[in-house]
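Asks: Protein chains in written order, with our numbering: chain C, 92 to 524; chain R, 4 to 462.
Derived pair list, reagent style DMTMM-like, types lysine to aspartate or glutamate, alpha-carbon separation capped at 20 angstroms:
hint, chain 1, residue 1, chain 2, residue 2
1, C, 218, R, 91
2, C, 121, R, 67
3, C, 182, R, 120
4, R, 440, C, 131
5, C, 121, C, 203
6, C, 182, R, 43
7, R, 441, C, 327
8, C, 270, R, 418
Just so you know, the hints here were simulated from the structure itself, not pulled from any lab data. Owing to the predicted nature of the structure, the values given are computational and were not obtained by experimental measurement.
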Amino acid sequence: MNEKAIAQSGLEALVKDGAEKAQVIFVTSKKQELNVESGEISLLRTTFNTDMRMTAIKDQQRGIINLNKIGKSEIKKAAKTALNLAEASEKDSAYDISEKQPPCTFDNAIKEPDLDAMYYRMAEFLKEAGQLYPRIVFENLYLDFTRRTEYFLNSNNVDFTASDGIYNFTAMFTAKEGKKSSSFNYSCVATLDLSKKLLSLGLLNTLLQQSSEQIETRPVPEKFVGDVVITPNCLEGLIDGVVDSWLKDYALISGTSIYKDKIGKQIADTGFTLRSMPVSKQIANGYFITQDGYKAENLAIIDRGILKTFLLSLYGSKKTGKPMAPNSGGCYVIDPGDKSLDELIGNTKQGVLLARFSGGQPNDNGDFSAVAKNSYYIENGKVKYPIRETMISGNIAQMLMNIKGISKERVDFGNRVSPWVSCSGLTISGGDK
Amino acid sequence: MIANDFKKYCGLFSEYTELRFQENRNLRIVFVNGNLSGNEVGGRSGVSARVCKNGSWGFASTPEQTAAGAKSVVKSALENAVFLSTRDNLNRSIFPKQKAAVDKDFSTHHKRKTQKELIEFVKEIDAHIKETHKNIISRTVLLSSLEMEKSLITSDGSEAFSLTPRTVLIASLSMQSSSGPVELLDMFGGLGNFEDHFKKPSDLYARIAALVDDLAKKTDGISAVAGSCECILDPELAGILAHEAIGHTTEADFVMGGSIAANYLGKTIADPLVSLVDFAHTAFNRTCPVPVYVDDEGTLAQDVPIIEKGVLRNYMHNKRSALHFDTVPLGNARAYQFYDEPLIRMRNTAFLPGNSKLEEMIASVKNGYYLVKTSNGQADSTSEFMFGVTQGYEIKNGKIGKAIKDTTISGVAFDVLKTVTMVSDDMKWHVGGMCGKKQPITVGMGGPAIKCRLNIGGK
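Using the sequences and the hints, build the whole thing.
Replies: Written out as structure tokens, the structure reads:
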């Protein structure tokens with residue numbers, strides 16, 4: 092049986108067992124991954140997997156089963172289990188599946204990895220990084236190629252097939268000299284091909300350079316309220332925090348989102364525009380189908396400071412009565428600003444160049460505190476020195492409103508595109524020494 | 004238990020090889036403000052092989068749990084090892100042979116509940132919170148379970164079967180404060196199935212009432228004063244200090260990757276009051292939260308004394324790192340899914356109890372904080388750690404004062420542990436510890452209350 096037929100058999104089994112609405116998401120994947128541990132190319136992995144997610148809705152009750160065994164008997168048994176789960180469930184009119192749309196097939200046409208090229212690029216990276224940055228120790232490097240096909244079928248005749256292949260590179264490293272070590276740092280980038288050196292991807296060169304000089308660190312000179320210039324690497328976690336904490340189903344259904352009444356209102360500085368662009372050419376590692384079975388579309392979440400949309404699923408939309416988002420989030424692109432990075436730093440009287448953010452989850456109000464890692468003290472418009480044991484406290488919602496500047500320069504990580512962003516009003520404090 | 008026909012696959016091995024059949028089964032039921040937003044079960048199973056040739060490793064996996072699947076992954080893993088060894092022959096010596104056998108099944112002996120019964124249980128708790136605690140503005144009650152079933156054979160002759168379930172019920176509640184909603188959660192359960200931990204919903208009501216009381220105090224919470232301060236870490240929170248501050252720093256792959264702990268083996272890194280152990284499966288005559296008897300490399304699991312009376316004694320190893328450091332592995336190589344390779348992971352990492360009482364520890368602080376619950380944490384190669392604090396209180400002149408808002412604490416572990424001046428005589432394990440390091444994994448974390456000096460975030 093071919094893969095599409097396997098997905099179809101799951102859908103048929105659900106309907107046959109009594110599902111009034113049925114949905115099957117069947118994903119096949121093959122990953123080949125080169126691993127470097129302690130500076131050696133030490134492991135090559137080849138993994139195959141299949142994942143099927145079967146949803147049954149009957150009498151407004153819903154059951155979901157996930158399985159990776161896709162033989163006829165396993166699928167039949169899973170369909171019965173999904174119906175049993177539905178019968179055990181509560182009635183909720185918000186349980187639903189996507190409505191009929193024209194069938195579509197998507198494919199980025201990258202089907203097989205070039206394993207020799209993967210090895211070559213990894214060995215080249217180790218050699219060149221070793222020469223350029225002799226203090227750097229690589230704890231782990233992973234370079235993988237994953238080819239994935241998703242079949243999305245439902246009983247409303249939705250029939251999507253989406254395939255893609257993508258290379259992902261992750262580097263985790265520390266600088267070491269004698270008995271001194273820097274903080275570790277890491278970066279992840281995605282790319283459609285290996286035409287470029289790994290060292291040139293994302294912000295890797297800069298991060299390795301910075302780690303090399305972060306063996307010698309000093310505390311900030313005093314506790315103060317100042318600015319932070321957030322690097323593109325660090326911005327990812329902050330943006331994910333804002334979106335996941337306040338713009339998705341949980342926060343809006345539970346009513347805890349501070350933005351629940353802010354559609355059409357200003358929640359960020361007017362220079363700030365945040366887009367989710369899963370089907371943009373700007374994003375190498377995007378997606379074609381939403382979690383609910385719609386063709387994904389690009390959208391602006393915050394447009395010149397104004398909140399334009401939540402990222403609600405079909406269920407979240409029906410529970411809250413607010414519109415469903417045309418994509419499932421991620422693939423974030425922040426519009427460039429009108430200042431250079433040098434100008435952002437030059438305009439900082441006292442602050443921190445924040446390169447990594449190690450902190451607890453922001454609370455429901457957006458208050459947070461975090462340790463600034465791999466970061467630098469800024470004074471009178473100049474980057475002074477790498478810092479240690481520095482805590483930054485503030486409120487993420489206030490930070491968005493207090494954006495002072497956004498850089499013209501942006502960094503492409505393959506799954507997002509980010510500039511440097513400067514914000515004011517953060518409490519910055521050091522340790523004892 | 005490990006099936007006899009599983010052993011026949013040994014004939015497939017030509018180099019050092021591990022062959023693992025594994026199934027992870029999970030369940031998730033979530034009520035958000037009375038809405039059943041999650042009701043699903045799942046299973047993921049397959050077979051994987053890892054082969055070592057001349058120091059290069061190959062790994063392969065497939066969901067096909069058959070003889071053909073086993074044969075294909077052994078062949079593919081060998082081909083991968085050969086691919087690497089022909090390009091860069093690391094020419095490592097072979098690991099000393101280790102043979103272990105164990106069969107451990109922690110699944111419940113009680114009659115299993117149906118999904119409907121489980122949903123009813125969670126729903127009843129949700130309804131109780133709604134009816135009893137009118138000041139709660141938002142509530143989430145979540146039941147999740149994970150059963151990991153593994154069968155392993157290695158070319159060294161190890162044979163292991165384990166079935167390790169974990170069940171956790173989480174109540175996460177929000178209350179309105181003058182500055183917006185405030186949240187706090189509590190977690191119940193641990194090693195075992197649902198039936199081992201939960202008899203009737205009302206058994207949890209006293210703890211939920213205590214959670215609501217703590218949350219009410221937090222609505223009047225003040226910001227901590229940012230900077231260095233004296234803290235009492237509650238036993239509930241000390242576990243994450245053990246895990247983040249020291250545990251990660253002393254994982255041998257972290258040490259080989261630049262961790263500052265490389266400089267301190269055999270040296271004093273903490274006050275003599277401090278001892279820290281990564282327990283394999285049993286501590287203080289009780290089974291640990293995440294018992295490991297044989298790890299996923301087929302090594303017999305034993306305790307790793309990491310710090311003894313302030314002196315750093317050992318790192319945690321897999322076979323590769325043990326060879327590098329000329330020592331023996333003690334069972335820290337663990338994989339999460341069937342398609343994951345074993346990594347060096349902690350098992351049950353805990354500070355050992357001391358002689359003080361929590362009350363006298365609090366009474367000894369003139370101006371500081373008593374920190375109770377944590378959210379997440381992170382370690383660093385410099386041993387600088389941080390973790391989020393979701394419940395804490397001021398201590399003023401030896402007495403508990405106002406609650407504080409969510410904050411983060413941090414410090415350099417090898418400095419902080421030298422500031423320890425009191426350790427309590429009790430001990431708690433964290434119920435639902437998960438650790439992320441390429442793969443997630445279940446971990447146990449525990450300890451007594453600890454008095455030390457830390458950095459705290461705030462205003």
